[in-house]
Amino acid sequence: MSARDEVLGRIRTALGPDRRPPAEVARGYRTTDDRPLPELLDVLADRLEDYRARVLRCAPDAVGATVAAALDAGLGAGWAAADVVVAPGVPEAWRPAGSTEDDGRPAVGLTAFAATLTGVTVAVAETGTLVLDASPVCGRRALSLLPDCLVCVVTADQVVGGVPEGLARLDPLRPLTLISGPSATSDIELQRVEGVHGPRTLLVVLASD
Amino acid sequence: MTAVFLGIPTAPAGVGHLRGDRPFPDAARDALRDGQLRANLGHATTTIRGKRAGVVAEVPDWAQLREAGRALKAATMARLDEHLEELERQVTARGGTVHWARDATEANEIVTRLVQATGADEVVKVKSMATQEIGLNEALEAAGITALETDLAELIVQLGEDRPSHILVPAIHKNRAEIREIFARTIPGVDPGLTDDPRRLAMAAREHLRERFLRARVAVSGANFAVAETGTLAVVESEGNGRMCLTLPQTLITVMGIEKVVPAWRDLEVFLQLLPRSSTGERMNPYTSLWAGVTPGDGPQEFHLVLLDNGRTAVLADEVGREALHCIRCSACLNVCPVYERTGGHAYGSVYPGPIGAVLSPQLTGVEDNASLPYASSLCGACYDVCPVAIDIPSILVHLRAEHVEAQTRTTPEAAAFRALSKAMSSPRLWRLAQRATGLGRFLARGRPTLPATLPPPASAWTRTRDLPTPPRETFTQAWAREHGSQEGRA
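Taken in sequence, the protein lines are chains A and B. As numbered in this note's numbering, residues 1243 to 1451 make up the first sequence, in order. As numbered in this note's numbering, residues 205 to 695 make up the second sequence, in order.
Treat the hints with care, as some may be off.
[What the hints assert, rightly or not] Listed next, with one range per pair, are the computed distances between beta-carbon atoms:
# : chain 1 : residue 1 : chain 2 : residue 2 : range
1 : A       : Gly1258   : B       : Trp666    : 34 to 44 Å
2 : A       : Asp1451   : B       : Val524    : 25 to 35 Å
3 : A       : Met1243   : B       : Ala663    : 47 to 57 Å
4 : B       : Pro660    : A       : Ala1268   : 34 to 44 Å
5 : B       : Thr669    : A       : Pro1259   : 41 to 51 Å
6 : B       : Arg546    : A       : Ala1301   : 49 to 59 Å
Don't read these hints as lab results, they were simulated from the structure. Positions of the beta carbon are idealized from the N, C-alpha and C atoms, including for glycine.
Using the sequences and the hints given, assemble the complete structure.
If you want it as structure tokens, here you go:
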């Protein structure tokens, strides 16, 4: 008998012949959040900063300048646009002039860049979570991982209140990365230290009217 | 109905890390003498308890989430075979390959064969309880393959040639000075000026692993969840080592216990709220990676999922004990347990320590192979209170104790004592005699409120770890008779 058939057979033996249908799962928890958008944006910014991300807020037509300001904060003034790699779907207006569009080079080649610029697909206010789904505006997963400074642009329409609303907007067949603050560890005496293997600096440009 | 009766095998001995080489009380006694260990554990568990309590309190619907988590797990187990078959179909449809492993030995063979097929002699690993459980690193090493742990705490344990002592923070028993010493001794070319500042230590690990991530061709991971309806796997982590392993290598091999499957994508909305807050005490962990099969141009182009039994179906056969399979490995029960806080994880012998380990390990191995673990608890119930999926650990402990007692073929001193007690309590005359005999206790106590701990055997087996109160001058029946003037024993 194959291992597959044997394991499945054991499960059927363990559960016995007279299986009752499992009880209906009561989803009594919150699945929506009725707070007005400005409040959700405030919560998102607060939660992001609580986990040591920097948040820069701006009007939708000022994203490009705010991205530049974010890079000033992340890389120090005098950064070179050539050190910044952007996801292929990032709008032209957001990009620093002279930055490099990700061309799908071997992932190791991305380590040459100091910073990455991407969009997101959803942001969850309550947990301070950005979700990247490998769509053109988010880029492939290695892009938001290897350069040490990550700048993400979030637009107001992408912000939801809680985790259930956030997951409902996602396509589970895409490679998804949920990012809540910069890389961190609590492995030494359970003291949280930001910055291990992922980007040590996370900057969020939050655009709203 | 038990697994033994049904002929379902438990996890085999001689492979993996589910059995200790000493009973819990013996190992615990040594651990309690280690002052440094107790200080480290006391500090760490106090910190994490406070963080967890804070972030759980800010969720108004925590009770509803917890109930949904419990119900989802119960519903999943009731149809486990169907969910696994669906998971297999979905993963396969998206370009992954699914393997089934009856036990640790078979899982190790599968992974070794898969690594060998790539020609690689080094793999990078994401922290995974399942691969710890089956002793995968040792099996790979025997085949000439180096397994490199990349989680900071796992790295500390690996470099220190130590054993993990906590589900979430395997190096919780080491403090920063001890970790600095391990790094200074074992990492080639490490900065000799390395201090014990946690930030500097984390940076040393980053430098040590960076090149290895970039050159790795094969990664091995576990999984926190696998969604049957979509074939989506989830790994929850903090450092980004998981993302490195799940993204950069050409080949990814994920080893997952069969109980980790969840039926629907929507179910993650419950578990992704329950897990981080219970585990690290964060609203959300820094990184969660989700993937379904293979995505052209993004991440590993070869994906293998190994579904592991290794005693889980034996646990499933026990209607009371199967709740232990609901565990999402958050480790909240370890952090609140007064026993774990004092003994640490090594005393439990298994890779699953603390309250959940005390119910899971004996069931995976068969209770006789971990017979002391169901007793490694004061039954205070703190573990049940914090469990995000409401596993009634104390009740399972009691259930396993009963199973252990029933399995004894020879009369134990405890059984003899209870038989004598039963006899005495069935007869008023014997009971009065027994009560009078307790006057001997007053003599031994010599006026102190408890009896001395150093009674001769067999009484010492009880009094060594328990305070036995000095018997009162008179029994309730005697007092009643004295105050009410009725005859003793008439009532």
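These are the hints, each one checked on the structure:
1. At about 40 Å, the beta-carbon gap between glycine 1258(A) and tryptophan 666(B) stays in the expected band of 34 to 44 Å.
2. Look at aspartate 1451(A) against valine 524(B): about 57 Å separates their beta carbons, and that is not inside 25 to 35 Å.
3. Look at methionine 1243(A) against alanine 663(B): about 54 Å separates their beta carbons, and that is inside 47 to 57 Å.
4. Here the CB-CB span from proline 660(B) to alanine 1268(A) is close to 57 Å, at odds with the stated 34 to 44 Å.
5. The hinted range of 41 to 51 Å is satisfied by threonine 669(B) and proline 1259(A), whose Cβ atoms lie roughly 45 Å apart.
6. For arginine 546(B) paired with alanine 1301(A), a C-beta distance near 57 Å keeps the hint of 49 to 59 Å intact.
Taken one by one, the earlier hints fail for this structure at numbers 2, 4, listed in ascending order.
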